[in-house]
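For the protein sequence lines, the chains are A and B, in the order given. Residues 1 to 199 (full-length UniProt numbering) make up the first sequence, in order. Residues 1 to 212 (full-length UniProt numbering) make up the second sequence, in order.
Hints may contain errors.
To be verified - The calculated lysine-lysine pairs, modelled on DSBU-like cross-linking and capped at a C-alpha distance of 35 Å, are: (1) K24(A) - K57(B); (2) K27(A) - K93(B); (3) K93(B) - K189(A); (4) K178(B) - K15(A); (5) K180(A) - K33(B); (6) K101(A) - K105(B); (7) K178(B) - K119(B); (8) K101(A) - K178(B); (9) K191(A) - K57(B); (10) K105(B) - K180(A); (11) K189(A) - K33(B); (12) K119(B) - K15(A); (13) K33(B) - K191(A); (14) K101(A) - K119(B).
Source of the hints: derived by calculation from the structure; they are not laboratory data.
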Amino acid sequence: MTTLDPKPAKPEGRKDPWSQLLDKVGKHQDREAYHALFEHFGPQIKYYAMANGLASHAEELVQEVFVSIWRRSCLYDWRKAAASTWIFTIARNQRIDMLRKMQRSSAEMLVETEDLWQIPGDNEDEPVTSLHRLMSERRIRESLSHLPEEQVTVIAKVYMENKSHQMVADELNIPLGTVKSRVRLALNKLKVILQDQNV
Amino acid sequence: MTRHHPDSLTLMEYSAGNLSEPHALCIRLHLDKCPHCRSRVDTLDSLGAVMMEEQPKVSVSESMFDSILSRIDSEPASEPVQPAPPRMSALQKLLGENLNELPWKRQLGDVSVLDISEKFPGQSEQVVLQKLAAGGKAPAHTHRGNETTIVLQGAFADQNGVFNQWDFVVLNEQDEHKPVAVGCEDCITLSVLSAPVKLTGRFTRLLNPFIR
Numbered sequence: 001m002t003t004l005d006p007k008p009a010k011p012e013g014r015k016d017p018w019s020q021l022l023d024k025v026g027k028h029q030d031r032e033a034y035h036a037l038f039e040h041f042g043p044q045i046k047y048y049a050m051a052n053g054l055a056s057h058a059e060e061l062v063q064e065v066f067v068s069i070w071r072r073s074c075l076y077d078w079r080k081a082a083a084s085t086w087i088f089t090i091a092r093n094q095r096i097d098m099l100r101k102m103q104r105s106s107a108e109m110l111v112e113t114e115d116l117w118q119i120p121g122d123n124e125d126e127p128v129t130s131l132h133r134l135m136s137e138r139r140i141r142e143s144l145s146h147l148p149e150e151q152v153t154v155i156a157k158v159y160m161e162n163k164s165h166q167m168v169a170d171e172l173n174i175p176l177g178t179v180k181s182r183v184r185l186a187l188n189k190l191k192v193i194l195q196d197q198n199v
Numbered sequence: 001m002t003r004h005h006p007d008s009l010t011l012m013e014y015s016a017g018n019l020s021e022p023h024a025l026c027i028r029l030h031l032d033k034c035p036h037c038r039s040r041v042d043t044l045d046s047l048g049a050v051m052m053e054e055q056p057k058v059s060v061s062e063s064m065f066d067s068i069l070s071r072i073d074s075e076p077a078s079e080p081v082q083p084a085p086p087r088m089s090a091l092q093k094l095l096g097e098n099l100n101e102l103p104w105k106r107q108l109g110d111v112s113v114l115d116i117s118e119k120f121p122g123q124s125e126q127v128v129l130q131k132l133a134a135g136g137k138a139p140a141h142t143h144r145g146n147e148t149t150i151v152l153q154g155a156f157a158d159q160n161g162v163f164n165q166w167d168f169v170v171l172n173e174q175d176e177h178k179p180v181a182v183g184c185e186d187c188i189t190l191s192v193l194s195a196p197v198k199l200t201g202r203f204t205r206l207l208n209p210f211i212r
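Taking the hints into account, I'd like the entire structure generated from these sequences.
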């Protein structure tokens, strides 16, 4: 398993600015920090809603995400996830939640969205591996700029437009195998594929 | 065929939030017990965050922030959410505490089944629990389409190896196997089927719980 970088946790172990702000919201209900997070992440989440077909509910989604950020911020642990990763998972879950609620009554929902899709750090048993996580976000950001456009496009459609690999293949009019190999190549370069078996 | 752990592409679909609920459940049950895959998903979640950051931004108004503030102010003050310990897992919520006491339907031989598809309203897949009595054998069969399985209790073995509790396996039409429950416990699995199982052995129709 090639997950952990053996180097010591010196500069990378520190909080990035967004994680510091989120930490302040969690510990002190700091509204200035909360506002700064809104200004930075609000526009991203609004775009996310619009890209994945929730355009008419985009503002509603942003609001739900931020109310959820406020409520859950006391559980946030910067050592377990960078703020942007944590907020991405909240946006993802709120989107899923919104779609689930549109499709059925709450009586029909036996399991909650969070039971299926975990927010990083919610599980207290989880080991703290801050170095790896904070570095991985930085590494991803850097290596993404070196990826061929066609690979980035596929990943963007999966994450932002919430299209399955099959749907991406249909839309781009390319075989499913091509989509999968683009994703694999990208994940390899991003070192996300840590230890795949049978591939 | 994917064995023991989900592949990176499936984990990416999970991280992006694109899997159906039954499939997400299989992944989540595995992640809860597999720090290795948990760590892969953490990395993929970070990829999601970076993708979101790389996209165009759409401006949000100050008035929206004001309405968010009035919402958080209208809620009972300083009662932040805590994960209620001990939290019930998704599995307990769906199936209760004791898997052995579910209303199993005995099939021929050592196999019992229970269709729990109705617990996932609005989802198109068939979701089935299967129980293979300790030491028992299931008839040889292949799979039509993809069948995603997670071992909930006990263990089973086929010609490709042993599958223990919380192992993850995806089988398709190329995978003919003849699983045997190993160990002293009944083996219980949860499977999500995109198409019915096709039996290859002698008892075909009688045994196949999935032919409608």
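Okay, the hints, checked on the actual structure:
Between K24(A) and K57(B), the direct Cα distance comes to roughly 25 Å. Compliance with the 35 Å bound is thereby established for this hinted pair. For the suggested pair K27(A) and K93(B), the alpha carbons sit about 32 Å apart, so the restraint of at most 35 Å is met. Using a Cα cut-off of 35 Å, the hinted pair K93(B) and K189(A) is violated, with the two alpha carbons roughly 39 Å apart. Distance restraint check for K178(B) and K15(A): the Cα-Cα separation of roughly 52 Å exceeds the 35 Å cut-off, and the hinted pair is therefore not satisfied.
At roughly 27 Å between alpha-carbon atoms, K180(A) and K33(B) fall within 35 Å of each other, so this suggested pair holds. Taken as a hint, the K101(A) and K105(B) pair is honoured in the structure, with Cα atoms around 32 Å apart against an allowance of 35 Å. Taking the CA atoms of K178(B) and K119(B), the gap is about 28 Å. The hint holds against a cut of 35 Å. With a C-alpha separation of about 41 Å, the suggested pair K101(A) and K178(B) falls outside the 35 Å cut-off, and the hint is violated.
Restraint check for K191(A) and K57(B): satisfied, since their Cα atoms lie roughly 27 Å apart, inside the 35 Å limit. Proposed proximity of K105(B) and K180(A) is contradicted: the alpha carbons are some 39 Å apart, above 35 Å. Distance hint between K189(A) and K33(B) is fulfilled; the C-alpha atoms sit about 27 Å from each other, no more than 35 Å. Between K119(B) and K15(A), the direct Cα distance comes to roughly 42 Å. Violation of the 35 Å bound is thereby established for this hinted pair.
At roughly 23 Å between alpha-carbon atoms, K33(B) and K191(A) fall within 35 Å of each other, so this suggested pair holds. A C-alpha spacing of about 15 Å is found between K101(A) and K119(B), which places the hinted pair at or below 35 Å, so the restraint holds.
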